[in-house]
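Here is how the chains run, residue by residue.
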Amino acid sequence: MNQPRPITVARALRDALTEEMRRDERVVCIGEDIGIPGGWGGAFSVTWGLEREFGQGRMRNTPISEAAIVGAAIGAAIGGMRPVADVQYSDFLFCAMDQLVNQAAKLCYMSGGQLRIPLVLRAPVGSNTRGAQHGQCPETHFFHIPGLKIACPAGPYDAKGLLKAAIRDDSPVLFLEHKLLYGAKGRTQPRAPSVTEVVPKEDYIVPLGTARIWREGADVTVLGTLLMVHLALQAADILAGDGIEVEVIDPRTLIPFDWEALEESLHKTGRLLIVHEDHRRGGWGAEIAATVHAEFGHLLKAPVQRLAAPFVPPPFSPPLEAAFVPSADQIVSTIHKTLAKDYDECQ
Amino acid sequence: MTDTLPDNHRLHLYREMLRIRVFEDHIFELFEAGRLPGTVHQSQGQEAVAVGVCAHLEKGDFITSTHRSHGHAVAKGIPLREVAAELYAKAAGCCHGKGGSMHLGNLALGMLPAIAIVAGSIPIATGLALSQQMLGSDRVTVCFFGDGAVGTGAFHEGANLAAVWQLPVVLVCENNQYAASTPFDLTSPVPNVATRAQAYGIPAVTVDGMDVEPVRDAAAEAISRARKGAGPMLVEYETFRYCGHSRSDRNKYRNEEEERRWGERDPIVRQQRRLQEAGLLDDEAAAQIRAEVAAEVEDAIDFAQAAEAPLPVALWADVFAPGEAGMPDYWPGEETGEVSQ
Ligand SMILES: Cc1ncc(C[n+]2csc(CCOP(=O)(O)OP(=O)(O)O)c2C)c(N)n1
Ligand SMILES: [Mg+2]
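Each protein sequence line maps, in turn, to chains A and B.
For the first sequence, my numbering assigns the number 1 to the initial residue and increments by one for each residue that follows.
For the second sequence, my numbering assigns the number 1 to the initial residue and increments by one for each residue that follows.
Next comes chain A alone, as it looks inside the complex (with noise of 0.2 angstroms):
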């Protein structure tokens, strides 16, 4: 028999895509530039050639209308399809605001839990040399927001599984991906880790509220999501030389959090650094931090620290760029701040 291949991200998107339409008629892509024969399937190759098998009618492609886009699929989710809506860039999804914010996020709960809205939206996040209207990671605007779900992707299994748990989730979830994580290679893509996996032939899914270890260890726990669980890993091997040993965690999703993972890791490090690429000031690592501090300082060997970009709207020249999204250099010294603060020796 063949060896399975390693695949990409967006290969292994598009995979949970089609095994869902083929599982489920109910599902239907919405977005731009989608589903046109000789076109792009979305802005990032996803759906690439889905039209093929599903039809333009199941490949609704759109005009330029995040709004619509995003409403037109709550109301599809209400009335009984199960939409996989998509934004070509996330920094679009201010477009969409009110659908998402004041519609999508609280229909449910404002109608006494009369509707459900199975919906899910593809966003891509990340900085990559497109400027400030192409290369925010909104993910803090969101996770504010009581009544969606966050998925975030790290790598191909946990895409495909993820994607298919949201689609079978009763309840908004938006789907963030991160260019520099697709599989796209060139040169326009080189801070691209190489990330590919071999997944399982048969039908899995990744329960949203489920962290992955992508790595153990037991002197310090590094919390970090997409671009930055990898970046998370190079330092971890730069450090293995000096004999530090760092866990690695990704939540996975954002909403709901796995709360349970991050304080069996705290127990065994007691030492925590949280990275992420969304604006440090008032990002969801300042709500871990503080919950950490609050319910579980007693586990705590040192103050939380966290790493994340700056207080500015992502640049477009290249070494500002560099400057602005965290590196694993930079995951390497705070690690060494988080060592080299001790409780005990402050006291």
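Derived by calculation from the structure, the hints in this document are not laboratory data.
On a predicted model such as this, the values are computed, not experimentally measured, just so you know.
Each residue gets a CB set at the ideal place from its N, CA and C atoms; glycine is no exception.
Worth double-checking, as some hints may not be accurate.
Okay, derived cross-link-like pairs now, DMTMM-like style, lysine to aspartate or glutamate, Cα gap no bigger than 25 angstroms in a straight line [as the list claims (entries may be wrong)]:
1) B:Lys252 x A:Glu295
2) A:Lys185 x B:Glu32
3) B:Lys252 x A:Glu245
4) A:Lys185 x B:Asp249
5) A:Lys341 x A:Glu245
6) B:Lys59 x B:Asp249
7) B:Lys252 x B:Glu32
8) A:Lys337 x B:Glu334
9) A:Lys341 x B:Glu334
10) A:Lys337 x A:Glu264
11) A:Lys341 x B:Glu335
12) A:Lys185 x B:Glu29
13) A:Lys268 x A:Glu295
14) A:Lys268 x A:Asp169
Which chain A residues face chain B? A few, computed with CB under 10 angstroms, are given here [to be verified]:
15) Thr62
16) Glu66
17) Ala68
18) Ala72
19) Asp91
20) Arg130
21) Ala323
For this one, chain A is given, so just place chain B with the ligands on it according to the hints.
Just chain B with the ligands, lined up with the frame of chain A:
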């Protein structure tokens, strides 16, 4: 009206289109050769619109632009050096390397740095026009947008407001038949963008966007109307981009026959022929213009290549307006760039 254009003006239109074409062709090669960061959205084929519309604007008039901003920037008079340096992400660029291809602009020269959220500039252009109306100025705002923008709510909200307040704004749609890979007729129930303006009582025309003198004439009427206080107008130009939508797009959703048909209407070739027939341009003069344009473009690119990248401290600059009263935005534990200086 065309016949009454002064001769030097007709030559100017030709030269300006050539400047854009030669610049864009160079930029394409440099991008393909890996010399430019990010992405580019280019405007070869659409030069007549940028040039014909801007030809009638004063320096103090405003334009707004889109992700496809190179041609507009050149036509509005931003020096090529500043444009090239921005594409190279250099500090000498018009946005100091913080904007790039999708955000070219220089407000002092009347171009709002381009906005890459499709239709995001339409309500802003409306507001720019409002400011000029309220300040009692006769400056006009021209809002460039693509056929794709009419699918957004922002287009309709902006157009309606402009009409209700009779603002001095001209809505210029470059209908290049495609929004990214999506053909216009897949997303519009009516064949022309101009039709959309009827609902707002905005006068609108559809004009050949591949012929610079008619382009200019239509814009002249809309702009002088707006300047007189007669309110907004929409001009739809039918045009075509020769290049892909952006960096690696190879236009597989279009067909060669279509590309050939549009290519035969090339605005630069047409204007050159017209000038030659009118006895305003001979081969020698044409060669001289081409040589001058080529030299200017080369100079701009040499300048951009040699220019410095922004200093690291620029990362923190311009988040807020400089020189404001009050406390600086200090936050414990955050880098501010000052230490690294
Ligand atoms: C609100 C928004 N949605 C989607 C995009 C992605 N996008 C960039 S350009 C483009 C097509 C724009 O088409 P059109 O307005 O016709 O302009 P053209 O590219 O043809 O000049 C799309 C979909 C965007 N920039 N902004
Ligand atoms: Mg277009």
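Going down the list of hints, with the structure as the test:
no.: 1; hint: B:Lys252 x A:Glu295; verdict: 56 angstroms, violated
no.: 2; hint: A:Lys185 x B:Glu32; verdict: 15 angstroms, holds
no.: 3; hint: B:Lys252 x A:Glu245; verdict: 50 angstroms, violated
no.: 4; hint: A:Lys185 x B:Asp249; verdict: 15 angstroms, holds
no.: 5; hint: A:Lys341 x A:Glu245; verdict: 17 angstroms, holds
no.: 6; hint: B:Lys59 x B:Asp249; verdict: 35 angstroms, violated
no.: 7; hint: B:Lys252 x B:Glu32; verdict: 18 angstroms, holds
no.: 8; hint: A:Lys337 x B:Glu334; verdict: 15 angstroms, holds
no.: 9; hint: A:Lys341 x B:Glu334; verdict: 18 angstroms, holds
no.: 10; hint: A:Lys337 x A:Glu264; verdict: 22 angstroms, holds
no.: 11; hint: A:Lys341 x B:Glu335; verdict: 19 angstroms, holds
no.: 12; hint: A:Lys185 x B:Glu29; verdict: 20 angstroms, holds
no.: 13; hint: A:Lys268 x A:Glu295; verdict: 16 angstroms, holds
no.: 14; hint: A:Lys268 x A:Asp169; verdict: 33 angstroms, violated
no.: 15; hint: Thr62; verdict: 7 angstroms, holds
no.: 16; hint: Glu66; verdict: 8 angstroms, holds
no.: 17; hint: Ala68; verdict: 8 angstroms, holds
no.: 18; hint: Ala72; verdict: 12 angstroms, violated
no.: 19; hint: Asp91; verdict: 7 angstroms, holds
no.: 20; hint: Arg130; verdict: 6 angstroms, holds
no.: 21; hint: Ala323; verdict: 5 angstroms, holds
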